[in-house]
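Enquirer: If you want the building blocks of each chain, they are given just below.
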Amino acid sequence: MSRHLRIWLPLAAMLAIGLWGLAALRLLPWPEWPALPFTPDDMDLQQILLAFGLMPRGVIALLAGAALGLSGAILQAVLRNPVADPTTLGISSGAQLALVLATILAPDLLAVGRWPVAMAGAGLAAGLVLMIGARRNFAPVTMVIAGMLVGMTASAIATAITLAQGHYLLSLVIWNGGALVQQDWSGVRSLALVVAGGGLFAALLSRPLHVLSLGAEGAAGLGMNVALVRLMAAGLAVWLAATVSAELGLIAFVGLAAPALVRTAGARGIKPLLIWSPVVGALILSVCDGLVLTIAGVTGEMFPTGALTGLFGGPLLLWLLPRLRGSTPPGTERAEGPAPRLAYPRRILSGLTVLLAVAAFMLIWIGRVPDGWAVLDWESLTAFLPMRLPRLIAAASAGAALALAGAMLQRLTANPLASPEVLGVSGGATLGYSAAVFAFAAPTSLALGAGAMIGAALALALVTIFVSHRDMPAERVLLAGISVSALAASVLSAIMATGSPQSWQILGWLSGSSAGIGMAAAVSLAVVAVAVWAATLAMRRWLAVLPLGTGVAAGLGLPLALARLSLILLAGIATGAATMLVGPLSFVGLMAPHMARRMGLARAGDHVTGAALIGALLMLAADFGARMAGFPYELPLGLFASLIGAPWLIWLMMRSKS
Amino acid sequence: MTATLFQIENLAVDVPGRRLLDDISLTLPAGQVIALIGHNGSGKSTLLKVLARQIPALGRTELEGRALQDWSARDYARRLAFLPQHTPPAEGMNTRELVSLGRYPWHGAMGRFGPQDHDAVEQAMTECGMGAFADQLVDTMSGGERQRAWLAMMVAQQAGTLLLDEPISALDIAHQVEVLTLVRRMCHAQNRNAVIVLHEVNMAARFCDHIVALKGGKLAMQGSPDELMREEALQAIYGLPMQVLTRPDGQKVAIPA
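So the protein lines, in turn, are chains R and G.
Note that the numbering used here has the first sequence beginning at 1, numbered continuously upward.
Note that the numbering used here has the second sequence beginning at 1, numbered continuously upward.
Derived by calculation from the structure, the hints in this document are not laboratory data.
Values in this document were obtained by computation on a predicted structure and should not be read as measured data.
Each residue gets a CB set at the ideal place from its N, CA and C atoms; glycine is no exception.
Take the hints with a grain of salt, since some may be wrong.
According to the in silico footprint, chain G covers these stretches of chain R (three or more CB under 8 angstroms from chain G) [stated by the list, open to error]:
1. 274-287
2. 534-541
Partial selection, computed: residues in chain R whose CB lies under 7 angstroms from chain G [claimed, not checked]:
3. Val545
4. Gly555
5. Pro559
6. Leu562
Below, in silico cross-link-like pairs of lysine to any residue (SDA-like), each with a Cα-Cα straight-line distance of 25 angstroms or less [as the list claims (entries may be wrong)]:
7. G:Lys215 to G:Gln32
8. R:Lys271 to G:Lys215
9. R:Lys271 to R:Gly221
10. G:Lys215 to G:Pro256
11. G:Lys215 to G:Ile55
12. R:Lys271 to G:Gly17
All chains, please: the whole structure from these sequences, using the hints.
Expert: This is the structure we're talking about:
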């Protein structure tokens, strides 16, 4: 155990106990505390509130934090990816979707309790991910990508439904935020059982996981059934996380931060990771809940603690990352099977270009009218053109810009999970947008755009500080980005929980819309996209060398700091510009580069160009779908992009098994 | 006396809680194939990485009379090519593309990939016997072929000095001899320098002109292969009694006694 842990753990524990004790003493002075055993009949109201509200709440914070920390540690060990956490496998989103569906379609189900519904949703989502993973021997990269895809599809559907059925929003949002309010000890009992069972099971798995840290081949060579161990470990992690999700709601970030903190504090090997991650997770959640309790007198009981974890945990991780030593786990293993490589990439690139042109043409020409579909005649075309052209241009440019940013970041970090959404740029833009919404009584679109841009720039600056640090490994940069995203997500959850009119405006923007865009804005976005594309092509040699790692890149005399800085900057500009239009939820930046690669575009120049074309196509299709599916109402653009892209990418991943 | 390639004075490398290299002062001659040998953890790979400017070190180190940190990244890469022990996976790259990366120090990020560059790449592939593999994906080749592909990348870099970190540890005996013969031929025919980290003491004695031995982060000995191939010298380096036999052609071979 390292010195850092020895100093910080007791401090955090004291803080957690102190905060809880403060809240408890404020509720009821010490001499009046009820004696064990608690019998509600003999107690007054304050005593009941303490014994059956505050006390189980304090315990459940510890238990839930421990469960999430353990779940995250197992997932990171088995997927061998430092950015894996319970949300990565789609667990939380699956639970969320199930709850949203149940609330709207079958409210009776919820009378039994949220737990079975959420558990079923989480199980289904994780099952789907495991099924995809099974085809590749549960290889880490495939699992994480599949998990993110399933998760984003589920939350896209959930958000779309939430938007359509606004009056149920508040209760869902509170569940989403992960409130820890308790009315009795039943939650503690069931969660304690799960944590105890999970801990036991994890202890049994610790040796196989330790062997697995050699990599799949080494482990198989030692006679281990790699697929079985991976399945069992992933299953255990899902069970732990899904239980917490069902019991308390979405508590983001603890599952990611706890193992990351333990590792940066210098713990090496699986066993310390499995032991200390639950402890750290429990402390993180307890401290956060203690802070909520301390502030609760002001803002009311219902403020969700889950919304706060990112708010405190995010900056904490950011602050710790550069200070602590220690290694992140080895890079992801390449068990996915090589992506195909085309001999003549020009053909598919020109094919994509033609497709893009045809699609744009068709989308202008064909439209939906109240009683069916119509091909426009010349007269209506000239009438519609000024309305349709700007949004087409804007959608395609935004898609291309996001895809370019994603391709750059994936090559820069040599991590297939990097994308503008993951690097926190979108999160920053969201924060900026929200700030603008709240700062002005009647914000103009200019003010909102500026807000998003400034937010994106700030998030980017933060991540850039990390990048410019000497020898900062790419995984830590990713972690920094995720911290920013988590921070933004918590602020958003907190805003949503207020249920104010402004929160509706933000929620609408989150899913993106191209309806309000003017010609000038569309053209300037197109100019940005083309300029970024040109700049990316100019840097394609860096992009070819960087995936080989810093050793080779430095050996070839590549100016590492400069290359990183300029690529991050370029990616940030592209993301900031595009996010203003489509909202931060699109995930085009994650999907499009993968699609380009899976189609066989291997060389850096072809790859980024193909990704840009695919991104533009995706957004065009999404724009069309968003306009047509719910005619005459418009559905969110970013959601549609996720809905179209995610299944396509899953299909591409399944297909190219060699 | 021959010219000096590296001049090392009071070099030390620390990681938290441990000193990997301790007070090493050393002169590496130019125009020779130099072997870095020693037991596991003796610091030979660390020393090579310091020379490749991959990790910072205390003390003063000069390449061709100029301190390491005074070289610009590209100038350094034109002088010196480094092959890491574990070559990273080259996702989706064929051999020609990998070898072309070696031209980066010459054309930079924006410069034209001119006829000179094409010639250098073709020549490097021919020299390393990779001509037939030009369009094959690097990740699909065998270990020996992949090693030669990476060697070809270093050759295309046209650096005067090659630094190789255990280039033969994953190869069979025939490929070991092949790779070392290739390196030796390149050095002697084209007047290049090479510094190679080697495990195999007999290979070091047979293919290298100058031996530097490390032990526990300190310099244990340096000299010619003949000076190395003595029983007491080997015992001092590896801490194991060794027997030195002489082959009919006069070449010496060491085996554990």
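Enquirer: Indicate, hint by hint, whether the structure satisfies it.
Expert: Against the structure, the hints come out as follows:
For the region 274-287 of chain R, the assignment as covered by chain G is violated, since 0 residues bring a beta-carbon within under 8 angstroms of that chain's beta-carbons and 3 are needed. Proximity of the region 534-541 of chain R to chain G, defined as three or more residues with a beta carbon under 8 angstroms from a beta carbon of that chain, is established by the 3 residues found. Interface hint at Val545 of chain R: satisfied, since its Cβ lies 6 angstroms from the closest Cβ of chain G, which is below the 7 angstroms cut-off. Annotation: interface hint on Gly555 of chain R holds; nearest CB of chain G at approximately 4 angstroms, less than 7 angstroms.
Restraint check, Pro559 of chain R versus chain G: the minimum CB separation of about 6 angstroms is within 7 angstroms; hint holds. Checking Leu562 of chain R against chain G by beta carbon gives a least distance of about 9 angstroms; that is not within 7 angstroms, so the hint is violated. Note on Lys215 of chain G and Gln32 of chain G: the hinted pairing holds, with a Cα-Cα distance of about 22 angstroms set against a maximum of 25 angstroms. The suggested pairing of Lys271 of chain R with Lys215 of chain G is violated, with an alpha-carbon distance near 33 angstroms, which exceeds 25 angstroms.
The straight-line distance between the Cα atoms of Lys271 of chain R and Gly221 of chain R is roughly 21 angstroms, inside the 25 angstroms bound, and the hint therefore holds. With a C-alpha separation of about 18 angstroms, the suggested pairing of Lys215 of chain G with Pro256 of chain G holds against the 25 angstroms cut-off. The hinted pair formed by Lys215 of chain G and Ile55 of chain G meets the criterion: a straight-line CA distance of about 20 angstroms does not exceed 25 angstroms. Pair hint Lys271 of chain R plus Gly17 of chain G holds up; C-alpha atoms about 22 angstroms apart against a cutoff of 25 angstroms.
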